[in-house]
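The two chains are supplied separately, each in an independent frame; assemble them into the complex guided by the hints.
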Amino acid sequence: MAALHPIERKTMKGRVTYWVIIAVLCVGVPIQIFPYLWMLSGVFKSNREIMRAVPTLIPKTPVFNNIPETFAKYNLMQNFWNTMILCGGTILIQCSISILAAYSLAKLKPRGSRFVLLFFLGTMMINEQAIAIPSYLMFNNFLGTGLNLINNFWSLLLAFSAWGWSIFLLKGFFDGLPGDLLESARIDGAGPMGILLRIVMPLSKPVLAVIVLNTFMAVYNQFMFPLILLPDSNKYTIMIRIYATQKGSATWTNVMVLLSFATLPVLLVYLFAQRYIVQGISMTGLKG
Amino acid sequence: MTHASAAGPRRKKRGGFGLIGWVFLLPALISFTLFKYYPILLGVFVSFFKVDIVRMPGTFVGLANYARAFTDHFFATAIKNNIEFLLIGLVMTFWTPILLATLINEVRRGKTILRTMYYIPAIAPGIAMMVLWKFIWQPDYGLANFIMRTLGLKDQLWLNDARLVKWCMSVPGLVMGGGMNMLIYLAALQDIPEEQHESALIDGAGFIKRVTRISLPQIMPIVTTMLVLAVISSFNAFDNVMIMTNGGPSGATETIILYSFKQAYFGNNDYGYALALSTMTFLIIFALTALQMSLDRDWSVERMKRDEKRRVRETARAARIGR
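Line by line, the protein sequences are chains P and G. If you're matching positions, the first sequence starts at 1 in our numbering and goes up one per residue. If you're matching positions, the second sequence starts at 1001 in our numbering and goes up one per residue.
None of these hints come from the bench; they were simulated from the model. Take these hints with a grain of salt, some might be off.
Claimed, not checked - If you anchor each label on the Cβ, the simulated ranges turn out as follows:
no., chain 1, residue 1, chain 2, residue 2, range
1, G, A1287, P, P30, 39 to 45 Å
2, P, T56, G, D1072, 46 to 52 Å
3, G, D1052, P, R275, 48 to 54 Å
4, G, L1029, P, L147, 17 to 23 Å
5, P, G112, G, D1161, 57 to 63 Å
6, G, S1250, P, N141, 34 to 40 Å
7, P, K60, G, G1152, 31 to 37 Å
8, G, P1249, P, G144, 42 to 48 Å
9, G, L1283, P, P6, 38 to 44 Å
10, G, F1045, P, W154, 20 to 26 Å
11, P, G144, G, P1139, 46 to 52 Å
12, P, V20, G, F1045, 58 to 64 Å
13, G, K1111, P, A190, 41 to 47 Å
To be verified - Partner residues aside, some chain P positions facing chain G, computed with beta carbon under 8 Å:
no., residue
14, S41
15, P110
16, F115
17, I126
18, N127
19, I133
20, P192
21, Y243
22, T263
To be verified - Result set (SDA-like, lysine to any residue): computed pairs, CA atoms no more than 25 Å apart in a straight line:
no., chain 1, residue 1, chain 2, residue 2
23, G, K1262, P, N221
24, P, K109, P, M124
25, P, K60, G, D1140
26, P, K247, G, Q1138
Think of the CB as a built atom: it goes at the ideal place given N, C-alpha and C, for glycine as much as any other residue.
Looking at chain G on its own, in the form it has when it is part of the complex (with noise of 0.2 Å):
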């Protein structure tokens, strides 16, 4: 009883908004249910039929469609796909925003301006950049091989080429991924304390050093999380090979989403299958994300409270002694 009375005030005082903070809560509720975890779950449940759409969902068929996968070369061939754009991607786009960032962190003046030189090539909407550089690529009057012409170099296919087209494919990487990640890096590096270099200055470390073993290993925490994102990204490749070659040339840039895709469309309305790919994309996905947020929760939170709690506070203050 007396329990009771004296919980009873305190809750009532803490939870004097419990109904209304369920109502505000309501429609993301229901738009998180209905267009998030309904669809993933829809694919799971259709991946076990033969999909009739005008029947929805069709005949069930157990895991035939998981079957078929397992025997398919052509998904096969996409997962090969994938892992080589993610290796070629490693190579070619991963490291060059973090080298970028560490040049750009050592700029005194003008870092802005060639912040915004760096970044500003970044903004523009990947889709047209793709495109653009399939203009490129193009081996009768493209710029590519003016160029390798004017080297008196011989003209390449490029993009028809498959040993060529997945290089070719990830260099508009290094233009667009590279500004939006190279910023990332340089808050990152900003944030390292100035002693810690002036330490190794003192203890007579060199520039590279310092480079090497001061700056890299503060940002080591983004950097994983950024290639667990590019883990991520390269298994989730549809955009780029869509526009770009729509899996050719021969089947050497087929991904894993876009065959999914092709299964569903292009009048072959094989849902079910269609389904069975992409459900097993999202759970490798769904390991690497969970993966991902773990890595990067700690990082990103603190970054953001540090940073708005101060500008919220001098903004309460200001706000109060205006009143």
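Here chain P stands alone, though its shape is the one from the complex (with noise of 0.2 Å):
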């Protein structure tokens, strides 16, 4: 709780204290969200403008153009399906089998099962950097059998299929589903499966809905994959597109227009969940 007593907050020394505080809460908005101004600010600036030694925040003569322009340039829209592609899929096998497997762990327990735990829980320490060039070779000739999956989606599909995290959180959260309910529905005569359509998931909603929004999210931002795995500009994620204005002739309202439109779908996922999004985030500190 808070350190300010409520008591304390009816003295003149705890309301200074107090209004000092919000005082400067008020002046850290206006810098936090400043950036983005800037960008949106850039989007309706004229190439001449967006380069002048005195800038301006409000642009002088709005240019509308600059949407349709980059859009057609650099075919964003393919850009963005193809990211959706992989977010979607992704969502779909990850949390699958993560499902699949947390429910296991947590209640058929299979004997030996204890240990597979740890199986999983141990990939949250190889970080994705050092894993991302074998990836590639692994990939490049898929199990020995001649198959190359680069600039195949396939690739990233099944490399984001492994997430200890999720099993981690659904185990946790699955652990603490009363074990008596689940009992009477096996009597009732329900299968594994029946009692996971039926009972779990609606009971987990929250935590599956944590699971697949963070799911989103780690796809959408990541970079170093989709970089390594999908070189082909027709594969190109949101994320590699904005990397790929960087070494080539776009312009800086261009540019501007690219990083707005990558903002927009997240920020709008978060508008609509924003309590799984935090709560995911106080779950466990720890992503990855």
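Structure below.
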């Protein structure tokens, strides 16, 4: 709880302390928000205005054709759909795998499964930066079959299918589900799959939302894997497109449109699902 | 005989789902083996080779790649850069979320709004923010130099200045990581029982003293965890240097991972050396993550169980009443 006690706030000193804190916090907010306004104002500036030595926050002569120009120049919608395919696919594959495994570990508990949890959690010690290049080598000739999955979405979907964090979170949640509820369903004749689909999943909506949203965010923001595994510009995700403009002929107005476009989906997701994202962070400080 | 018959039915009751349990675990076992453990082992294996990508793995060279790393002064610079990034991060971005969380925790009305205002900037994609800041630091028409001129100070080269570049690169972290970490600290602060502050107040402890003597020690476990995480992420630094500077100016921001990446790509194709470098980083990070997990486990598991058990119990009760 707060260090400043309600009674203390009735005193002069307490009141001053409180209002100093509020003032400091309110000064910080515009500083936090400002870079975004700056980005947004760049969307409506002309190429000449964005490069002026004396910059303007509100464009003097607002220009609106930056947006269609950038979309046409970079085929942004394709980048967007590529990203969505990866996000959607990863949510389906990774979450299904994690739910099945976590349910088994928490409730079915086959013999010897205690070590399996350690096997899953152990992967949280493997940094993605260390397995990115080996993954490239692996997908280049997938398991020695001569199958080349580079520039194929499957390489990324498979690479993202293992995420220790979500099994860790789901298992913790499933552990807390009352055993007698599941037991009575079992006596009624429901099989493990039926119990999972009809009882466990409906009860786990909050934690499932946390998992789905965090998976979305993680895949959406992913940089190193798509950079290495999807080098073809037709397969670029939005993040790789942003990176690619840094070495191409993009003007800063193009870049500002791109950045705003990249920020929009996460902002929308956040506004609709704020609660679950915040929960995901405070549930475990640990991610990745 | 009696022993077996006594254990038999019980095992049947407990292990009735034994086989199906393993079937449920199978997809995850395959996926974790193939896409986590196999690549890391492959990386270690390949680091002993001069790789030929067509005829994998190529020529065995023993520890030559590792030996090369120890005489490679670019690698030494990269390590130095990583450590400097870490130290600058500690000075610039590590303590600010703690302070911010402490302040926001005091707010009585409008706490949610303030929290959201500080958190929303942090959800923007990191890559997008790095590029935006690259624009702000741009020496000719960037915002940073405009502010310098307005204040009557001299223009700076910012990202093109080897002395300033690491500091400039940690500024976006104030916003990006700041919001995220602030939430974590805030969650920890809200767990501190009110009575502790009350009794300290009765003992005559002032506001600052209460924060430093009661709040801070209470959130120390999570601060320690975050410190280890900061060390890990600074050794993993890749996205920011790749996007903002590509290792420049004159190697001032070349990190180990970026250097390793450059050995494998951009026409070098020296995968063996690249993986020798990243294997060494992995070993450091492996040790640190093990430390971090042992620190973090108690805190997060405890908290999660407490929160979720309550909610599940309520939901379960409601479900039963509904039926």
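* Output the numbers, in ascending order, of every earlier hint that fails for this structure. => Numbers 7, 9, 14 and 16, in rising order.
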